[in-house]
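Undergrad: Going line by line, the protein sequences match chains A and B.
Numbering follows the UniProt record's numbering, in which position 61 of the first sequence is assigned residue number 61; successive positions increment by one, without gaps.
Numbering follows the UniProt record's numbering, in which position 161 of the second sequence is assigned residue number 161; successive positions increment by one, without gaps.
Hint data in this document are derived by calculation from the structure and do not stem from the laboratory.
Each residue gets a CB set at the ideal place from its N, CA and C atoms; glycine is no exception.
A few of these clues could be false.
Stated by the list, open to error - Which stretches of chain A does chain B cover? Using the computed rule of at least three CB atoms under 8 Å from a CB of chain B, they are: (1) 59-70; (2) 94-101; (3) 109-121.
What the hints assert, rightly or not - Non-contacting residues of chain A with respect to chain B, defined by C-beta distances greater than 10 Å in every case (computed): (4) G26; (5) P46; (6) R83; (7) G87; (8) A88.
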Amino acid sequence: MNWLLSLGSLAGVLALGGVARLLRLGGSEPLAPEQVTERVQFEYNPFRVERMVIGLDGRAALVRATDGRLVAVKVHGAHPATRLLPGAPAVTTCGDLVVVDTGDRWFGPLRLRLDQAQRDMLRAML
Amino acid sequence: MATLPNPVDYAVPGFILLVLAEMLVACAADRRRYCPQDTLTSLALGFGSTIAGALSFGLVFATASWVWGYRLMDVPWTWWAFVLCFVLDDLAYYVFHRSAHRVRWFWASHVIHHSSQHYNLSTALRQTWTGFFSLAFIYRLPLFLLGFPPAMVFFCAGLNLIYQFWIHTEVVGRCPRWIEAVMNTPSHHRVHHAVNPRYLDRNYAGVFIVWDRLFGTFEAEREDDRPRYGIVKQLGSFNVLWAAVHEWVGIARDMWSAPWNAKLGYLIREPGWSHDGSRDTSQTIRARWQNQAAAEPSKEQQVGADHVQAA
């Protein structure tokens with residue numbers, strides 16, 4: 001193994017990561033209903049959206065299909081990522097923050113900042 | 001035994017400079033082509049892959065040399081032997097790559113390369129840590145049996161890897177027609193990295209796209225079906241270790257919970273296969289999409305129907 005090359009590569013990795021931050025690459029728009037609908041329909045086809053609640057910060061959403069399936073959507077870097085939720089996910093509420101357990105520790109829990117009307121809607125969805 | 005330098009070692013500075021150049025283009029054209037966390041994950045996986053490859057290379061080379069001892073003929077160290085070796089090595093790569101998408105055991109290693117939702121030059125460097133463990137090198141063994149010296153084969157394999165770097169980009173649109181006909185290009189490889197039903201499990205080529213055209217796995221990129229990148233079940237995490245091993249963990253979990261007569265299926269069947277048919281494979285996804293497309297009239301047909309009604 002060429003240690004000089006390995007160290008050089010490591011330095012290159014860190015430098016490029018730094019440049020990406022410096023250039024402010026990435027970033028994402030807040031989730032919009034059309035974007036969420038399009039995404040879940042693409043990934044869970046066929047998927048007819050019945051209800052949807054998007055967090056006030058636009059970083060996460062919960063979508064329910066007419067057949068009862070629930071999908072968590074979160075902003076993951078510059079793109080949304082989704083998870084099909086198990087039957088009845090565990091939900092905890094703390095003020096305006098609602099945390100939905102996705103059952104996938106690496107995907108992480110869904111964190112939704114919701115107003116009262118949205119929290120009522122979420123309760124109706126679950 | 002003759003040895004040759006690893007051409008990839010010399011290409012690393014070029015890789016870094018080209019990623020930097022692509023970042024600058026992204027900065028001017030579309031900042032979302034890169035994401036710092038995704039880039040760091042890709043590059044860290046690439047770095048780890050280099051370390052894992054270096055640690056296992058001695059064993060791989062020894063195995064290759066042992067097989068070469070039983071060679072059918074002596075391939076000379078001439079220019080045409082290098083050319084022939086490069087072409088046959090690319091065919092071996094096609095076979096490996098196809099099985100890497102069709103057999104979950106091999107997919108568990110290869111999925112790492114597909115796990116980014118981005119498609120840029122840093123994605124090219126997102127490479128496996130477990131290639132040796134999955135025995136991916138067995139696909140090159142026929143070359144040694146034929147008589148190609150291990151050093152020649154590994155040199156050609158390095159050139160193959162370097163070629164594949166530049167095709168991981170959205171900056172290049174389409175190349176001239178004759179290049180698109182023969183060579184693997186950014187356009188062809190975007191299709192390969194896409195999860196659109198039309199594009200799933202297509203364009204396995206390394207350097208020469210002719211293998212896909214020959215073996216019926218070619219799909220052209222379409223303007224009306226823009227590629228979406230990643231894997232069917234997106235990782236949703238930037239954790240490097242999880243990206244490296246998640247499919248192996250998935251295999252272990254599935255085998256643990258499956259009935260005895262189905263355990264092997266989770267190892268050797270296609271990704272997404274399940275003994276109760278509860279999951280999607282690329283075939284079921286494509287079949288569902290095709291059925292829907294057949295049921296819904298196309299835009300052209302709709303325009304035609306409107307025309308008839310108007311008349």
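Undergrad: Decide, hint by hint, whether the structure agrees.
TA: Evaluated hints:
Counting residues of the segment 59-70 of chain A whose beta carbon lies closer than 8 Å to any beta carbon of chain B gives 0, which falls short of the minimum of three for the stated coverage. Remark: the segment 94-101 of chain A is not confirmed as covered by chain B, as 0 of its residues place a Cβ nearer than 8 Å to a Cβ of that chain, below the required three. Chain B is given as covering the segment 109-121 of chain A, and this is violated because 0 residues of the stretch bring a CB closer than 8 Å to a CB of that chain, at least three being needed. A cut-off of 10 Å between C-beta atoms contradicts the statement that G26 (chain A) is not in contact with chain B; the least separation is 4 Å.
The Cβ of P46 (chain A) does not lie farther than 10 Å from every Cβ of chain B; its closest approach is about 7 Å, which violates its non-interface assignment. For R83 (chain A), the requirement that its beta carbon stay farther than 10 Å from each beta carbon of chain B is not met, with the minimum near 7 Å. The claim that G87 (chain A) is not at the interface with chain B holds, since no C-beta of that chain comes within 10 Å of its own (minimum 14 Å). The non-interface label for A88 (chain A) is consistent with chain B: the shortest C-beta to C-beta separation is roughly 19 Å, beyond 10 Å.
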